[in-house]
Amino acid sequence: MAHLTQEPTRDETPSSGLPRGGRSHERNVASLLFLGGLWFSLFFGIVVLVVLIATTAIDGSARFDSELVTNYDSTLFPDAAGVRAALVGTLWLMVTTAVMAVPIGIAAAVYLEEFADNRRWYNRLIEVNLQNLAAVPSVIYGMLAVAVAALFGSDTTNIVLVGAVALGLLILPVIIISTREAVRAVPREIREGSLALGATPIQTTWRQVVPSAIPGISTGTILALSRAIGEAAPLLLLGVGTILFTPNGIMSGFTAMPVQIYKWTAQSQEEYKIAAAAAIIVLMAMVLALNGLAIYIRNHFQRRW
Amino acid sequence: MSSGPGTTSLTADLRVRARPAERLILGLLQLSALLSVLITVGIVVALLRPALDFFAEVSVIDFVFGTSWRPNLSPVSYGVLPLVAGTFMTTAIALVLAVPLGLGAAMYLSEYATERTRRRLKPVLELLAGVPSVVYGFFALQFITPTVLQSWLGVNVGFTNALAAGIALGVMIIPTVASLSEDAMSAVPQALRQGSLAMGANRMQTTLRVVVPAAISGISAAVVLGLSRAVGETMIVALASGARPNLTGDFREGMQTMTGYIAQTAGGENIVGSVSYNTLFAVGLLLFVITLVINIISIALVRRLREEY
Chain A
14 MAHLTQEPTR DETPSSGLPR GGRSHERNVA SLLFLGGLWF SLFFGIVVLV
64 VLIATTAIDG SARFDSELVT NYDSTLFPDA AGVRAALVGT LWLMVTTAVM
114 AVPIGIAAAV YLEEFADNRR WYNRLIEVNL QNLAAVPSVI YGMLAVAVAA
164 LFGSDTTNIV LVGAVALGLL ILPVIIISTR EAVRAVPREI REGSLALGAT
214 PIQTTWRQVV PSAIPGISTG TILALSRAIG EAAPLLLLGV GTILFTPNGI
264 MSGFTAMPVQ IYKWTAQSQE EYKIAAAAAI IVLMAMVLAL NGLAIYIRNH
314 FQRRW
Chain B
3 MSSGPGTTSL TADLRVRARP AERLILGLLQ LSALLSVLIT VGIVVALLRP
53 ALDFFAEVSV IDFVFGTSWR PNLSPVSYGV LPLVAGTFMT TAIALVLAVP
103 LGLGAAMYLS EYATERTRRR LKPVLELLAG VPSVVYGFFA LQFITPTVLQ
153 SWLGVNVGFT NALAAGIALG VMIIPTVASL SEDAMSAVPQ ALRQGSLAMG
203 ANRMQTTLRV VVPAAISGIS AAVVLGLSRA VGETMIVALA SGARPNLTGD
253 FREGMQTMTG YIAQTAGGEN IVGSVSYNTL FAVGLLLFVI TLVINIISIA
303 LVRRLREEY
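As they're listed, the protein sequences go chains A and B.
Heads up: take any position in the first sequence, counting from 1, add 13, and you land on my numbering.
Heads up: take any position in the second sequence, counting from 1, add 2, and you land on my numbering.
Since the hints were made in silico from the structure, they are not lab data.
Ideal placement from N, C-alpha and C gives every residue a C-beta, glycine not left out.
Don't take every hint at face value.
These stretches of chain A come out as covered by chain B in the derived footprint (C-beta under 8 Å, 3 or more residues) [what the hints assert, rightly or not]: (1) 110-121; (2) 124-134; (3) 145-151; (4) 293-299.
Construct the complete structure from the given sequences, taking the supplied hints into account.
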């Protein structure tokens, strides 16, 4: 979702720059049908989103109770199964992922944008490599995390730390790409002014460029985390399943919201489908909150030079 | 080196001071950037090692061209084509849905919408890409199949089927197609539109005959990226497309996909080093190679776009 952070400066060429209205050949049947088709395309997706949230909320409405978040998963009482372990696990997972991926992502982006000579073949290689990594299937990152754990001599892969490695590696390219866009948007004059006053390139980057780019960086980072929060596929590869205790640290076993939803949806009993629907609403609330926060930051703090 | 506060030198030392800490910081930044290359190397190594063990027991030819995928049944058979067919089918359905809708949305946002409308609607549309894929899987299983396909459209589909999975995949990649195509169309110089309008074309003709052809490499890149997303998407197909390898052209049936196989098998107990464990990585390697080829095509197309204007 890196493209969400792109806010191209096209104010000088507004699409409304075309002369509009009043001319009869804009109103023929073909044109109106075409415009109707475009409207349909645009609103199809939005309607699906609304229907998805509405039907799922109706499916899960029977389980909007406190037991949903206070209980563990249960095989004996499917109608009282809860997401306690998954909710806490997801929080641990997100914090650990952010702590690992965000600093490295920003450092890499700053290097590539401010210091790297992109005429060099190796820097161009990094560039192409990043574009590819951003589109590698998420399930592959689960396989990578298994190998990374094995490298450190760990056979147990269903712990928070390994899960965070998988998700961190998954969102690293996304963070790098969106941070680069934010850093690139900082005007040259700010850098030149700083350098002219005697600051070194590192000081300029640290005290001028990065602070100016913080709104853009946060938007991209939050969107990357909102992608990670919904990922189940890499975690399945780590053997993350159902647990009956509350995760309490980075070496703790865990489960996560999307994994719990997957496990319940794959069950045949109707009670689990209801629990899955209710859990989806909880997960969607988290995702929507993160997206809303990102859009808010972009609209209110992002400077346009 | 530097002149202290006590010394009064008229010739100030203007030489650049050595800053070892800054060299260290630069090194760390460089290391972070290099990590991205390490990730790729790591992926290749992580996939290749178990996959090579797998190919020591099963020949590559049998794997790639075999038409029967029975990894757990006797007699075992490791022909991956049914999984590839499942991936191809769900992806094709997704593209049939997402390409026209994504392009339509992009044309509206780029050519018709005011700046204000565009800035309001684009984030909402992009939210579709932010919905967790497991949620789409649930939606396909609980709503698209029973309500949309069976009740509304009266299609005779199974509980799990390639059609519902493909539709959910398509909805998921609409924003990918729309967003990148919109960027490409917005990058078309205004002079081209003005020229077209001056020749008497209306907005529809201008959009279809001038803007879209001019932005075609960016639009293709958008479609190819959407294709890559659909091929690699896991949870939707794991839930909605079924767990039965099925080499068929009938999208009303359930068809296991490559990613679906990986997710469904990984959920169980797999002993490291066993054939079933290695099989996962062989399928993963094939998936990685397929998406790599698709991504490289997409990157090359984007590059062509950048060179044009």
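Subject >> Annotated coverage of the stretch 145-151 of chain A by chain B, confirmed only when three residues or more have a Cβ within 8 Å >> reply: Answer holds; 6 residues pass the 8 Å Cβ test.
Subject >> Coverage of the stretch 124-134 of chain A by chain B (three or more Cβ within 8 Å) >> reply: holds (count 4)
**OP:** Apply the coverage criterion to the stretch 293-299 of chain A and chain B: a residue qualifies when its Cβ sits closer than 8 Å to a Cβ of the chain, and three qualifying residues are needed.
**Re:** holds (count 3)
Subject >> Assertion that chain B covers the stretch 110-121 of chain A - criterion: three or more residues, beta-carbon distance below 8 Å >> reply: holds (count 4)
Every hint from the earlier list agrees with this structure, and none is contradicted.
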